[in-house]
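A.B. asks: Sequence:
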Amino acid sequence: MSQQTSPPPGPPGGTGRSVTPLDEVDRRVLDELTRDGRLSMRTLAERVHVSRTNAYARVERLLRDGVITGFRARVAPEPAGLGTSAYISLTIQQNTWREVSAELARVRYIEHVALLSGEHDVLALVRAPDNATLRDVVLSRVQGIAGVLSTRTWLVFDEFDGAGSPWA
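Counting from 1, one number per residue, gives the positions in the sequence shown under UniProt numbering.
Treat the hints with care, as some may be off.
[Said to hold, decoys possible] Derived DEER-like restraints, expressed as beta-carbon distance ranges:
#	residue 1	residue 2	range
1	Arg47	Ala102	23 to 31 Å
2	Gln93	Arg35	22 to 30 Å
3	Arg135	Val25	31 to 39 Å
4	Arg42	Arg98	26 to 34 Å
5	Gln94	Thr53	35 to 43 Å
6	Leu155	Arg52	43 to 51 Å
7	Asp158	Ser40	17 to 25 Å
8	Gly37	Ser150	53 to 61 Å
9	Pro21	Thr69	17 to 25 Å
Worth flagging that the hints you see were computed from the coordinates, not collected in a lab.
Glycine included, C-beta positions come from ideal geometry on N, C-alpha and C.
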């Protein structure tokens, strides 16, 4: 794939507004919310040492500016019935990123997709119930997408979170 790529599908970047730079309180708000997105505004305000009004205003601004993109539950794959995880790298035809990414977004069990530089063009995280389903995802669904030239699969044996939030 060439150095020139199309932007990924989704909302266009940029809103025409200047985004307010994050200060230390914003970073503490992000740290607390990444640890527990269900915090009450009162608890959040207490933990970052600001008023509730200030905490509300900061969270609203972080949402409006696209810094916070949502709140969701973190699901443990294995207890949820997704016992097989793998990373799949894809090499794709030049200038097919938009079409390939649109198709990948529709493939069940693909949790995350990233456009890369280097030897491979795309990296996808797949979480499937078992090896047979993973095989179907790779061989039938992903390799059947127009523009995909080749794939390589790495099974995940174990996973862990990193040292902590970069917002602390």
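A.B. asks: List, from low to high, the hint numbers that the structure doesn't satisfy.
C.D. replies: Going through the list in order, the structure violates hints 1, 2, 3, 4, 5, 7 and 8 and respects the others.
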